[in-house]
Amino acid sequence: MASAGGFGFTGARGKGKKQPKPEIVALDGLSLEVSPGEIFGLLGPNGAGKSTTVGILTTRVRPTGGQAWIGNHDVWAEQVVVKRLIGVVQQRPNLDFTLTAREILLFHGAYFGIDSGERTKRADALLERFKLSDRGDQMVRGFSGGMMQRLSIARAMMHDPQVLFLDEPSAGLDPQTRLLLWEIIREYNQRGKTILLTTHNMEEADALCQRVGIIDHGRKIAVGTPAELKASVPGGYLLRLRFGRHCPELLQRLQTLAGVTEVRPNKAVNSGSHDNDSADVYADRGGSLVSEIANLASGASVELCDVHISEPSLENLFLHHTGRSLRD
Amino acid sequence: MNWKTFLALLGRDAHVARRNVVPLLLQTFLQPMMFVFIFGRVMVSSGYMPPAYKSLLLPGIMAISMVFTGVWAVAMPLIAEFQFTREIEDRLLAPIEISWLAIEKVFFGTLQALLAGLTVIPAAWLLLRPGVDLNLRSPIAFACVTLLVALFSACGGLALGCSVSQTHIGLMFSMVLTPMIFFGCTYYPWSALAHFPVLQRIVLVNPLVYASEGLRATLVPQFPHLSLPVVLVMLTLFDLLFLATGLRQFHRKSVS
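First to last, the protein sequences are chains L and H. Here our numbering is used: the first residue of the first sequence is 1, the next is one more, and so on. Here our numbering is used: the first residue of the second sequence is 1001, the next is one more, and so on.
Some clues are possibly wrong.
Label pairs and their in silico Cβ distance ranges [as the list claims (entries may be wrong)]:
id, chain 1, residue 1, chain 2, residue 2, range
1, H, Ser1256, L, Val307, 43 to 53 Å
2, H, Val1022, L, Ala125, 32 to 42 Å
3, H, Leu1171, L, Gln210, 50 to 60 Å
4, H, Leu1010, L, Glu187, 26 to 36 Å
5, H, Gln1222, L, Glu118, 36 to 46 Å
6, L, Arg285, H, Gln1166, 53 to 63 Å
Away from chain H, derived, C-beta distances all over 10 Å, residues of chain L [to be verified]:
id, residue
7, Gly142
8, Arg186
9, Gly192
10, Arg219
11, Ala227
Everything labelled a hint here was simulated from the structure, so no lab data went into it. For clarity, every value in this text was computed on a predicted model and none was experimentally measured. Each residue gets a CB set at the ideal place from its N, CA and C atoms; glycine is no exception.
Please build the complete structure, drawing on both the sequences and the hints.
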């Protein structure tokens, strides 16, 4: 990739070398490329490998194999150059507790060699933008989680990096602050900056990201625009059904209903009961199918216990590929 | 090497130290000064200790203060910042090689240890006078020893701070620092261990022995002490050993 704004990571499993202790594979052949100036979302459940990916791209995690680069720079070999290009907000707040909010921004600017006048100007502007001006001279020890998160993001923007990494940026934020954050992220992106954010919040990925990569167990499941990804789910609509008893014939008949693209029988989800059977039905319509399904079920003397309809969403896509909900 | 970043990192540490100056001073001087007062003043005036003990004690107290300050200044923030608060993350992402961040810590710890050591001399002298007999024959030798002692305490702080977990801080003091102080020839010269020949050899692995004996050799050479060249060589070796260990541990801690 030619421009300094983009970045990528190609993973490979280490082989041949004897490991002294069992190796936990956090990322397994994950390969991603993000273009300059885009907001890219890394979507996946907890433990999917999102933070490890961010860690590798930001010099904080040494990969056992593969290559990571920011622009033309190899992240591991050219750490200092890369650190100038990136701003990082980690999942866990890591603010300097011995400093005030303003000092945190000022010292961060100083680490990046920004001169004193410019530092003060930028710190004031960021405190204002993140609605922290009135708390600027207070020690951050007494800040709420949301305030710490806002300040962490302001700090990452202090040296005006080309690429901004946000690991679960809106976790723990109230809805109002989340909207403010989204607005700020969009503004930053409009200035030509590249942003990678990790999230397990579909709404956030859908609303904010131009492209989304879905990962699970360290593997890439799908990459594309939110619209493309949603369109790739067969039918788009997902109906999760639960029946009163095991009924494979009924599931076969569901397949014949108009608009149904795929029926996936699930294992018993209702713990403790072996009689129940559940299935995921992918279809191009939602509510209007329910009465037909209910008719088929009563015709087969099977009780329809539960129906849940989801509109086309990234959540459905994740379910379709992994058989698990993002929240599992 | 990026000087602007290095100076900004130093500036941050100086700013934090300035903010905590009172607890820092208490923690550095309270214990050694109490020791000086009891052993140098109370015990000597009451006749339980000979008057010469005052002069013998001063270099040892100076060594303790320096080592304690250097280790504390580097190790304690590192233990907290790496494990509990992860505060150091922001500095790990500063545009400078990670080793320089560790060296900055050592540099700042060395300065603090030097300051502590040099302040102990007048403070103890004021507490103990009259009867302290300092013979500073070679200021250069004294400066070299003092610098090497300060450096070894800061490098030791780096190695400990990156190796000890937060739950083991108490153990670090009781299992490492306290035995180091008691078997570090701080309150007595190394030659006083002649009656315990095995112990006398074992304590030679304790770097504080060379710190106390080196300061004794340069401040109060009238008392028996280890030879100065031996002290200088050993202190240099310990400095290098602790620096290398500390840097390796720092890298291990900072990258997962």
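Self-check item: Numbers of unmet hints, in rising order
Solution: 5
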